[in-house]
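Enquirer: Next come the chains, spelled out residue by residue.
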Amino acid sequence: MRSAPAGIVPVWRICKLAEVRMSSAVAFTGLACGMLLAAAGMAVWSFARHISSFSKIVSTIRLVAGAGLLWGALSAWHSGYWSPFSIRLLLMAALVSLPYPSRLSPYPPGYVFSLLLPASLAGLGLYLTLRSGLVVPARQYIPFREVVAAVGGGIGAWALNGLIAHLPELKSEESPGQEAPLSAAYAMLTISLGSLSIVNLLQHGKIWAGGEAEKRLAGAWMIWTAGRLVSSRRSWLHWILIAIACIVFVFAALS
Amino acid sequence: MPSSRDLWRDIWKFATGDLTTATLLVVIGVILLTTTWLPQMPSPDPTVYARWLAEVRARFGPLVPLLQSVGLFTVSSSPAFRAILALLGGCFLLRVIEGMVQLRHGFIEWKQEHHSSRLRDRIANWPWSLTSPAAATAGGLLLILSLLVNCLWGWEQGGLVIQGGERLTLSGTAGWVALSDTAQRITHSEGLTVHVDERGPGVLVHASDKAGGVLMLQQAAGDEPVSQLKLPLVLDQYFAIPEAHLIVRLIPQHEGQPEASSPISVQLYRVPSGQLAAQTLLESDGEVLIDGITIHFTAFPYARLTVVHNPARGITLCAIILLVAGLVGDALCTGRHRAGVAYMQTG
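Chains A and B are the protein sequences, given in the same order. The first sequence maps to residues 1 to 255 in the working numbering. The second sequence maps to residues 1 to 347 in the working numbering.
There could be a bad hint or two in this list.
[What the hints assert, rightly or not] Residues of chain A placed beyond 10 Å of chain B at every Cβ, according to the derived structure: (1) S55; (2) F113; (3) L124; (4) I191; (5) W221; (6) L229; (7) L254.
[What the hints assert, rightly or not] Far from chain A, some chain B residues (derived; all Cβ distances over 10 Å): (8) A22; (9) L33; (10) H115; (11) G172; (12) V226; (13) A331.
[As the list claims (entries may be wrong)] Just so you have them, the derived chain B footprint on chain A, three or more residues with Cβ under 8 Å: (14) 26-34; (15) 196-203.
Treat the hints as calculated values from the structure; they're not laboratory data. Computed from a predicted model, the values in this text were never measured in an experiment. We treat Cβ as the ideally placed atom computed from N, Cα and C, and that holds for glycine.
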């Protein structure tokens with residue numbers, strides 16, 4: 001029997017590698033979804049039984065699940081069996097599952113929702129992929145603005161998650177516990193959009209490459225900036241503007 | 001009775017107030033979001049305009065004339081939108097002046113209090129809470145100024161198709177763009193930014209008979225016959241070989257985005273019967289033989305370009321860096337301050 005010439009990988013082995021990578025993306029995503037659902041269950045149990053010791057465990061599970069979703073997104077992009085939309089969902093779910101830092105106890109229904117949201121996003125990405133099959137060649141170049149849109153959507157969803165999880169705290173005039181994570185989120189978004197503008201300026205000669213997603217990101221960022229400017233006197237307007245901006249970021253990432 | 005000095009002070013306070021700037025930002029943000037739903041009227045190029053009109057009619061149907069009369073399809077180029085941008089620029093200018101005055105006072109205080117401290121302490125006690133907002137506002141002002149400069153003196157030409165080995169002079173300007181034979185390398189005159197929107201296959205065609213004599217080619221009925229044709233295959237292309245009673249059809253074969261090396265389907269039809277005489281697939285240079293005639297194809301890929309001349313590119317880059325640094329610095333200062341307050345409140 002003839003053997004293949006040295007240096008040439010048999011076709012069956014390439015297909016096997018792609019299948020393995022697709023399987024690892026599916027495995028990591030499925031595992032992360034399961035962990036988030038388990039964390040949601042633990043959160044409900046801890047609120048019902050007033051057990052505070054579970055909160056650190058739940059936060060750790062969130063972090064591990066987020067890392068799993070990020071790895072799943074990278075494997076999915078590498079394998080070529082996932083659509084860009086599904087990869088974007090995984091990336092957003094990874095960012096949303098990061099723990100929201102706060103010194104005060106979260107609002108129970110909001111906190112449980114904040115665990116179910118990333119599980120839903122990842123589950124939707126998984127479902128769309130398993131239903132539709134091969135959509136994009138492996139390791140295809142993904143434009144930087146798509147990555148920025150996904151990151152913006154993830155940060156927006158994470159911030160919105162945190163606001164929902166701490167809703168009663170927002171109703172009081174003073175809610176300084178929320179400012180630090182929101183300021184960090186705003187800083188990350190500003191850096192992302194600033195980088196996108198610079199890339200557009202270098203590649204296209206203008207800060208606008210003309211896409212609708214970029215207009216949505218810019219519009220959302222302006223609304224968030226306006227919200228930060230009115231924080232000192234009108235806290236209700238501050239939270240509303242930031243919530244609207246977060247929703248627009250999520251919409252820009254999903255459209 | 002309020003004095004004129006109080007009136008000017010009130011106007012200054014209003015113009016430099018956070019609420020005024022926030023309102024203008026929200027209005028501009030909402031307009032940007034609206035224009036994603038209402039596609040704005042593009043350049044006067046007939047092909048682009050026709051495509052836009054078809055898309056708008058398909059989406060909005062009978063509402064198109066009403067929306068057009070209200071001006072919702074020209075919001076981003078309307079005088080009102082430009083006036084709002086100008087107002088924002090004016091607010092930024094006044095805030096920059098105010099910020100400079102505050103920073104100057106802060107600098108004098110800092111110098112008096114820390115003139116003999118260690119460098120590390122001096123850096124730590126620098127009035128960062130005044131510097132970051134001032135930098136952000138200055139960045140915003142520079143950004144609006146750069147948009148104005150670009151609007152007045154910049155230009156853009158899109159949809160330019162150029163084939164390998166060609167040099168294209170840009171109409172109405174002294175600029176030029178050239179593409180290498182393999183369509184991989186682009187050179188251009190100074191001050192331009194060239195972006196390749198698409199690369200695809202193209203050919204250089206010439207035909208000869210049995211004796212090696214040149215056969216003339218004709219791309220359209222009224223065209224002058226030529227000895228060779230250079231065709232970018234953005235879409236299907238046709239040409240005729242009148243002496244051989246043949247029409248040749250070239251079809252680029254690609255799924256999704258075309259590439260410079262995409263194969264080309266060549267179909268030869270007899271004239272006047274229209275019968276398909278021959279068909280082949282070209283993946284690079286090649287020849288087609290029929291009835292003693294040889295048609296030579298040499299690959300000359302094309303590139304579709306957008307060329308931009310932005311005289312304010314350097315200012316825009318500085319503006320973005322200043323804006324991002326100022327806003328991130330302000331966000332970190334605010335976050336750290338609020339986190340400290342939260343820590344003290346909750347213990």
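Enquirer: Work down the list of hints and note, for each, if the structure agrees.
Expert: Here is what the structure says about each hint:
Every CB of chain B lies more than 10 Å from the CB of S55 of chain A, the least distance being 15 Å, so the non-interface label holds. Against the 10 Å criterion, F113 of chain A stays outside the reach of chain B, whose nearest CB is about 23 Å from its own CB. At roughly 23 Å, the least C-beta separation between L124 of chain A and chain B is larger than 10 Å, which holds for a residue marked as non-interface. For I191 of chain A, the condition that its CB be more than 10 Å from all CB atoms of chain B is violated, with the nearest at approximately 6 Å.
For W221 of chain A, the non-interface assignment is contradicted: its Cβ lies about 8 Å from the closest Cβ of chain B, within the 10 Å cut-off. Distance check for L229 of chain A against chain B: the nearest CB is about 4 Å away, which does not clear 10 Å, and the non-interface claim fails. The claim that L254 of chain A is not at the interface with chain B holds, since no C-beta of that chain comes within 10 Å of its own (minimum 13 Å). The beta carbon of A22 of chain B is not kept farther than 10 Å from every beta carbon of chain A, the shortest such distance being approximately 4 Å.
At the 10 Å boundary, the C-beta of L33 of chain B falls inside the reach of chain A, the nearest C-beta of that chain being 4 Å off. Annotated as non-interface, H115 of chain B keeps its C-beta farther than 10 Å from every C-beta of chain A; the closest such distance is 32 Å. No Cβ of chain A comes within 10 Å of the Cβ of G172 of chain B; the nearest lies about 17 Å off, and the non-interface call holds. The claim that V226 of chain B lies off the interface holds: its Cβ sits roughly 36 Å from the closest Cβ of chain A, which is beyond the 10 Å cut-off.
Distance to chain A contradicts A331 of chain B as a non-interface residue, since its nearest Cβ pair spans about 4 Å, not more than 10 Å. Check on the segment 26-34 of chain A: 0 of its residues sit with their Cβ under 8 Å from a Cβ of chain B, so the three-residue criterion for coverage is violated. Taking a C-beta to C-beta cut-off of 8 Å, the segment 196-203 of chain A contributes 5 residues in contact with chain B, enough for the three needed, and the coverage statement holds.
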